[in-house]
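*Asks:* Quick one: dock chain against chain with the hints and give me the complex.
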Amino acid sequence: MMESPFWMIVPGNAALSALVWFVIAMPFLYAARKPVHELLHAVGVLAGGPLRSSSRWLLGAAHDMRERNRQVLLAHGREEAGQQIAREFERVSLLVTRDLEGYPALQRRLLDEITRVEEDYKKCGEVPPPPPDWIDAINAVANVKSGGNELVTRLLEEINRSIKDIHEKTLAEYRRAYEERHSILDGFMPFWRSLDKTLAQADRKMTSLTDRAAAIDAQMARFEQIVSKTERAEHALTVSALTQFFVATLVIVVAAGGALINFKLIALPMSEMVGAGDYLTASLRTSEVAALVIIFVEATMGLFLMETLRITHLFPKIHALSDPMRKRMLWIAFTLLLTLAGIEAALALMRDMLIADKQALMQSLAATAHAAAATDSWLARIPTIGQIVLGFILPFALAFVAIPLESFIASARTVGGAVLVMVMRLLAVSLRLAGSFVRQLARVLVTLYDILIVLPLLLERLVRDRRAPTPTPALSGFEAVERSS
Amino acid sequence: MKRRHFGFGLAALAAGCADPRSHSQAVYMLVDTSGTYAEEVNKAQLIVNYLLGTLQPGDSLAVARVKSRSFSEKDIVAKATFDNRPSQANAQKRVFREQMEAFTRSHSGSAYTDITGGLIQGSMFLTETGAGHKTILIFSDMQEELDKVTVRDFPITLKDIRVVAVNVVKLRTDNVDPRRYLGRLEAWQKRVEAAGAREWRVINDIEHLDGVLKG
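Sequence lines, in order, name chains A and B. When you line the first sequence up against the working numbering, it's residues 834 to 1318, in that order. When you line the second sequence up against the working numbering, it's residues 6 to 220, in that order.
Among the clues, some could well be false.
Each computed DMTMM-like pair below joins lysine to aspartate or glutamate, with the alpha-carbon atoms no more than 20 angstroms apart [to be verified]:
| id | chain 1 | residue 1 | chain 2 | residue 2 |
| --- | --- | --- | --- | --- |
| 1 | A | Lys-1191 | B | Asp-88 |
| 2 | A | Lys-867 | A | Asp-1283 |
| 3 | A | Lys-1191 | B | Glu-103 |
| 4 | A | Lys-1030 | A | Glu-934 |
Ranges between beta-carbon positions, derived for each pair [what the hints assert, rightly or not]:
| id | chain 1 | residue 1 | chain 2 | residue 2 | range |
| --- | --- | --- | --- | --- | --- |
| 5 | A | Ile-1226 | B | Glu-78 | 45 to 55 angstroms |
| 6 | B | Lys-153 | A | Ala-1193 | 44 to 54 angstroms |
| 7 | B | Gly-137 | A | Leu-879 | 50 to 60 angstroms |
| 8 | A | Ile-1218 | B | Gly-137 | 32 to 42 angstroms |
| 9 | B | Gly-137 | A | Thr-1076 | 44 to 54 angstroms |
| 10 | A | Ala-1230 | B | Gly-135 | 42 to 52 angstroms |
| 11 | B | Gly-135 | A | Ser-1116 | 17 to 27 angstroms |
| 12 | A | Thr-1114 | B | Tyr-117 | 22 to 32 angstroms |
| 13 | B | Gly-135 | A | Pro-1149 | 23 to 33 angstroms |
| 14 | A | Val-1086 | B | Lys-48 | 49 to 59 angstroms |
| 15 | A | Ala-1193 | B | Gln-104 | 33 to 43 angstroms |
| 16 | A | Val-1086 | B | Gly-137 | 49 to 59 angstroms |
| 17 | A | Thr-1114 | B | Lys-48 | 35 to 45 angstroms |
| 18 | A | Ser-1116 | B | Asp-152 | 26 to 36 angstroms |
Chain A is nowhere near these chain B residues, computed Cβ spacing over 10 angstroms in every case [stated by the list, open to error]:
| id | residue |
| --- | --- |
| 19 | Tyr-55 |
| 20 | Leu-57 |
| 21 | Gln-61 |
| 22 | Ser-73 |
| 23 | Phe-76 |
| 24 | Ser-92 |
| 25 | Asn-95 |
| 26 | Arg-110 |
| 27 | Val-181 |
| 28 | Ala-200 |
| 29 | Ile-208 |
Source of the hints: derived by calculation from the structure; they are not laboratory data. Here a beta-carbon is modelled for each residue, glycine too, at the ideal position from N, C-alpha and C.
So that you can see chain B by itself, here it is in the shape it has in the complex (with noise of 0.2 angstroms):
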């Protein structure tokens, strides 16, 4: 307790000159549960392990399943802001792969994907974390399926936030027509731009996986 009083302390001393700007990162991921794309959830699971192992104290990180409808916080996997301390920090990440590792042995798959939904999500949390570095990720196909009633043909906005898709994999009529696989790309990348979006990236090798998160 003194010890924390001591850091307050110091902290108050360094708080008259303190750089106003936030330098810390929030991330959002969307898991697409939906399909056959369903089988890849393991795979997000070594992403999130990274994002764990390479975020600091003070950011935040939420993860959250895109299904047939997105857009509600019931989705949001698991979602934690990491405490100041390194030590609390720790174990908050701890609680985080606990709480990942229950949804990728449970999870279930949706008839529909809805992308947009959770973009709009995403952006939502980010927003409120106040974070100087926001960044969505998103571990899907990028094939979004709606159903009939669900309305998401309407401009978006994803203002200074990076979104990164990640594992894009090939569906069998992309192979047939690689086109559609680029083409979808490209839309997304319009999509995501006219959003106001800082930058659109494409990260097929999770091997890769350092170019996710950047200052």
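In isolation and in its complexed conformation, chain A is listed as follows (with noise of 0.2 angstroms):
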């Protein structure tokens, strides 16, 4: 027979034991009724103020933090418009050293062309000399009636004759003079259309410089808006960061992909430099390391590159250096860009032939009759070529990734600034409603704790309604509590 445990006042009734049980507890709840109510009280202060607390402090710190990344992206958004409109005023200055340094003598060329033509166009004005005054005399001796007198008929066909002569000599000195006028008018056409090709060229450039401005404009409006810390300034802002931020993560793993073939190209013969068998950790081979370590070495010397060339700005020390010096060091990283690419294309070369030799050595091994069918092809030459360019350009293209990484440092610090805000927030907020749910868990305790004991409370409000005949409202448990202490 099995032996009941000890508490079970009646053996083999759990239930019945547990409810004597309670009976008996009961009493002595009663008594420790205020002391566990304010212990429950107290439970529910200790545990959600300083969850409270916590959910305000951050809070606050999520605003500070908050207010510090609005400034520092505001201050990086002025940054970068200044630059911007700097630079649009260096393109407008050389606008202007290129093409309005060359005004005066377009405006030389243009008077000279209109003078030009002005004395042309006063050369076709130019009209044949008018017919001599003697022509009145000829009409009154035209006049004359000759009356049959033979003399005068002869004398009239005389002078009659010698005025056709001199009218058709008269008629052809005009036709000459008009056809001067015409070769003049026709030799205007060339200055015409240089006149026209030199004012759409000016046009061009007053509209070119007229965009520039535009551009200046639209960049102080911009400007302007991040110096005066608007909303929208800051939106932009944001927005501009987050696609930046998105676009430079997905051109690095693109750049990553690239990475990881280069180092599937010169691991294998990095073996033939460093060992094969030698391991930095129990599955890292030392040729695996110094294959990371030459990608790396070609990585920062791009970086080096671009930096040189003043396309990012990662390490102000660059910038501050002088001219000469800046260029020497240019010059000295493309040259360590250039012989790291062209170990690179060796390495790729040896690479392929280690394979080769690896797969005759296999042959030999699997006793084989698989003879070499396409070695000499030059098919068989396209994956070795492919691989020594590839060898070669890789190292160049990783130095690209200069680029993206500066966007991606620039955005990064916005991008993580506004998610490390979001996440204090919600935790500020769970925090806040872990809180209440204590307090409120305590407040439901309280009362459960009284619906426990309710016979003795209703004994004790009977007992109290006896001695004192006017009612008074009863209060809750926590009530009590909270008005006693």
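*Replies:* Okay, structure coming up:
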């Protein structure tokens, strides 16, 4: 027979035993009511208070961090906008120097052409000399009546003949003069064309200048918004940083793929240099680490190259260098990169040779008659050439990673800050909810405790009612404790 | 030469944080040439070819014959510690293969089979290589037969060495009573484990050699 547990007053009946125990305990629970209420209340305050305080602190910290992020973002945006405006001014200056520097010459050319056109025009205005004054005399002679006089008739005929000759000569002279004027007018065309071209050129240059001015206006408006710290400017900068962050991440991931291919190309042949049997860790060969080091050195050289070309601005010290020193550094970085690219191309070739050698060995070990059918074919050389070219190009391609890297670093500060603020706010809300929950839980437990000891409480109420005839509104346990404390 | 110097430079750079443990493999293969088992020697060539294809630069391999008394360097048919450079290692493997081919063509049978002597010799060779993973392959029927003067009934040491018996063919008497075969293998397992070997394994199907070497 199984022995009942020690607490079972009624053997074999756990429920009844528990009830008996409960009835026995009830007076003690009633007696301990006030301390228990105080305890539950204290526990609620003890657990909920720090949670609420932490929540408040986190909200304050999130607010401070957001403000700091905002300041950094605006400062960064101000710097960027300032740089863009400066670059626009440089372009305008270049435009003015290049185009408007030749403006006096252009004006002189225009004036020359106009003067020449004017002179020609004046030449066109010259008319042939008017007929002589003796025409009136001829008219008078022509009006003389011959009266059948043979002498007069002959005289008049002679005069008529002479006048006809003169008329023909004058007409010919007149025609010649007009031909000359037409030829001068013909000569106007190239000048007009040249004038038109020169004016169009001047117009184009002025339009370009106007466009630049409009761009500067837009940048200035943006700059003003940033300086006045408007919400719009902040929002635009945040969105821009987010876009930059994702684009830069994408490009860096693509570049990482390229670096991986690069690693695969040189890891095997590096074992010819540093040995294949040395390990840095249980699974990491020295040759693999050496290949990684080469790739990292290439990326670093690329970074310096971009920096010295002033495409990126990651190292202020490089930008502070004097121009001759910067150029010297540029050439050093480029030479090293070129050398490393050459080494990689050689390693890629060696990799191909090693693989071919290993394959030949494996074939001879397998003792199969697989003759190297296509080894001499030009098709078989394509992968080799491809590997060499890849080995040479990839280091230079990796050099351009410096650009997205800079964007990534610049935008990561903004994005990381925004994410951190969001996390802190979420945490603050969670802590606040947890604090409220704990306090409410303490209240619920107090009420539950009172429900447990409802019989003694009813008795107490009856006794109190009998002693004091005027009824007072009953207080809940928690309220009573709060009032008493 | 310049390339080598560059390599040494990088190696020196890495030496500061190099893993001091050896990751190389060393394999000592005993080939039984006694009695009827001598006919199986051609299969040993296949196993050696597999090992040559699997072992990496820096690993070591030795093949020794099991004769009437095998505790001798003279019984080593071919041995090589492959160069760290893959190209040199490949050249060494070719030479090794040729040595093995010459051995399979010209081997002669022996009257007795001294597997224990070969194990002791193999253990010494493997310890000298300093390899991180040591394996002895026994290409034999595991039937040890010694002449009257040869003494091998003493405890041997095979500490941290894997022992793999390959192609353990059944003898005519095993076919009559298989318990002899199983008992023989069990006796060897006990002896090898008592010698401190890391693992004892039997691979009879040479198509399943991928378990021969273990990292």
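*Asks:* For each hint, tell me whether it holds in the structure or not.
*Replies:* Evaluation of the provided hints:
no. : hint                                         : in the structure
1   : A:Lys-1191 <-> B:Asp-88                      : 14 angstroms, holds
2   : A:Lys-867 <-> A:Asp-1283                     : 10 angstroms, holds
3   : A:Lys-1191 <-> B:Glu-103                     : 16 angstroms, holds
4   : A:Lys-1030 <-> A:Glu-934                     : 18 angstroms, holds
5   : A:Ile-1226 <-> B:Glu-78: 45 to 55 angstroms  : 54 angstroms, holds
6   : B:Lys-153 <-> A:Ala-1193: 44 to 54 angstroms : 51 angstroms, holds
7   : B:Gly-137 <-> A:Leu-879: 50 to 60 angstroms  : 58 angstroms, holds
8   : A:Ile-1218 <-> B:Gly-137: 32 to 42 angstroms : 40 angstroms, holds
9   : B:Gly-137 <-> A:Thr-1076: 44 to 54 angstroms : 52 angstroms, holds
10  : A:Ala-1230 <-> B:Gly-135: 42 to 52 angstroms : 43 angstroms, holds
11  : B:Gly-135 <-> A:Ser-1116: 17 to 27 angstroms : 20 angstroms, holds
12  : A:Thr-1114 <-> B:Tyr-117: 22 to 32 angstroms : 48 angstroms, violated
13  : B:Gly-135 <-> A:Pro-1149: 23 to 33 angstroms : 52 angstroms, violated
14  : A:Val-1086 <-> B:Lys-48: 49 to 59 angstroms  : 51 angstroms, holds
15  : A:Ala-1193 <-> B:Gln-104: 33 to 43 angstroms : 19 angstroms, violated
16  : A:Val-1086 <-> B:Gly-137: 49 to 59 angstroms : 37 angstroms, violated
17  : A:Thr-1114 <-> B:Lys-48: 35 to 45 angstroms  : 38 angstroms, holds
18  : A:Ser-1116 <-> B:Asp-152: 26 to 36 angstroms : 48 angstroms, violated
19  : Tyr-55                                       : 8 angstroms, violated
20  : Leu-57                                       : 6 angstroms, violated
21  : Gln-61                                       : 6 angstroms, violated
22  : Ser-73                                       : 31 angstroms, holds
23  : Phe-76                                       : 29 angstroms, holds
24  : Ser-92                                       : 6 angstroms, violated
25  : Asn-95                                       : 5 angstroms, violated
26  : Arg-110                                      : 14 angstroms, holds
27  : Val-181                                      : 37 angstroms, holds
28  : Ala-200                                      : 27 angstroms, holds
29  : Ile-208                                      : 19 angstroms, holds
Hints 12, 13, 15, 16, 18, 19, 20, 21, 24, 25 from the list above are not met by this structure, while the remaining hints are.
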